[in-house]
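2 protein chains.
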Amino acid sequence: MRRLGLYLHTLEKLSRGGEETVSSEELSGRAGTTAAQVRKDLSHFGSFGKRGLGYSVRELERELKEILGVDRSWRVALVGAGRIGSALFEYDGFDARGFDIVTVVDADPTKVGERWGGVEIRDIRELESVLREEAIEIAILAVPADAVQEVLECVTSAGVRGILNFAPAQLRVPEGVSLKDVNLVLEMEALSFSLTNRPQDR
Amino acid sequence: MRRLGLYLHTLEKLSRGGEETVSSEELSGRAGTTAAQVRKDLSHFGSFGKRGLGYSVRELERELKEILGVDRSWRVALVGAGRIGSALFEYDGFDARGFDIVTVVDADPTKVGERWGGVEIRDIRELESVLREEAIEIAILAVPADAVQEVLECVTSAGVRGILNFAPAQLRVPEGVSLKDVNLVLEMEALSFSLTNRPQDR
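Respectively, the protein sequence lines represent chains A and B. Per the working numbering: the first sequence ends with 202, consecutive numbering throughout. Per the working numbering: the second sequence ends with 202, consecutive numbering throughout.
Simulated from the structure, these hints should not be mistaken for laboratory data. Since the structure is predicted, the reported quantities are computational estimates derived from the model, not experimental observations. Wrong hints could be hidden among the right ones.
Said to hold, decoys possible - When the alpha-carbon atoms are kept at most 30 Å apart in a straight line, the in silico BS3-like pairs for lysine-lysine are as follows:
#  : chain 1 : residue 1 : chain 2 : residue 2
1  : B       : Lys65     : A       : Lys13
2  : B       : Lys180    : A       : Lys40
3  : B       : Lys40     : A       : Lys180
4  : B       : Lys13     : A       : Lys111
5  : B       : Lys180    : A       : Lys65
6  : B       : Lys180    : A       : Lys180
7  : B       : Lys13     : A       : Lys65
8  : B       : Lys180    : B       : Lys13
9  : A       : Lys180    : B       : Lys111
10 : B       : Lys180    : A       : Lys13
11 : A       : Lys13     : A       : Lys65
So that you can see chain A by itself, here it is in the shape it has in the complex (with noise of 0.2 Å):
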């Protein structure tokens, strides 16, 4: 999954600078894997690509638009309006791949009411009619980790069945529902971890 995602970055870098084909090799580069793993990877979806002619860009482009769900748009809704929060609701890069972050939605009654762009800040005690309200797929969690679980469940009640959650919490989620988690103390701590446990190479 990961590596399909790498692999349509890298086409639609080549689309921009005009290239008509890639071989499994250029799009083993940036992926940092093989050219029989792109060949194994891209063949679990059917059959792309000429022998000896390569892939053209534009159509595995598409097909590997669909097969991960980002050749349409999905509503998206930012739990949180932090530091974190305000600094996902700016990133490009959601954007850019037709997650459109609809909703936001906050707990400090300072907050709410305020303007984002074209988006209002909603009160978080209205979280579940406003997720159903705007028909949210996916739902973004910025929010303190003594709260993420309390949020999730309203979340998933709401019918949202996509999260993305930023709270250093481990959450338990219902059947039928995808989670991913990014804890960036975590990652840290991982780093600290195997910088004082590796045998000394310096």
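Let chain A serve as the given structure and place chain B on it in line with the hints.
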């Protein structure tokens, strides 16, 4: 490793709340695991806790900090002062854990020389010498995907052994360097992939 970080976060919360002991059951809660797993994880690092009495919160907190290498502070450089970079710079979680961003580097001449808090933004052309001068141990890379492999090579040449990368590229790192990737777009694509390809359950 990830679980150790989650245990530590739980212990710190208990400690702030004035708790003196904790059972493996309580510790397992936030880490989404079982009491048996907690005991097993901790037993790798020595003998903690007393049967029937649980663990001393303060003692286990101190031990885990040492194991994770967060009983000290780390000198961190932020490479890339764009949107993601500035959110990371302001992110309290790093500071609280002893990850001190003491240097910021960017390629944009209009940003170089600007001050963020007490930190002056330095020119990326001086990257290697700045990292050496500042005795940087960990670098956070928030630069465009096109530039990141080159930046990484410069950073590792300067002796940096821990890297947290936010650019959507698969990096090749030299032996002895620890790399963690945070790729927000890939995480969102993983969600859209699973929402697109799962059997309909709604």
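Right, here's what the structure says about each hint:
no.	hint	verdict
1	B:Lys65 - A:Lys13	43 Å, violated
2	B:Lys180 - A:Lys40	26 Å, holds
3	B:Lys40 - A:Lys180	26 Å, holds
4	B:Lys13 - A:Lys111	27 Å, holds
5	B:Lys180 - A:Lys65	26 Å, holds
6	B:Lys180 - A:Lys180	16 Å, holds
7	B:Lys13 - A:Lys65	43 Å, violated
8	B:Lys180 - B:Lys13	26 Å, holds
9	A:Lys180 - B:Lys111	34 Å, violated
10	B:Lys180 - A:Lys13	24 Å, holds
11	A:Lys13 - A:Lys65	14 Å, holds
The structure fails hints 1, 7 and 9 (numbered hints given earlier, in ascending order).
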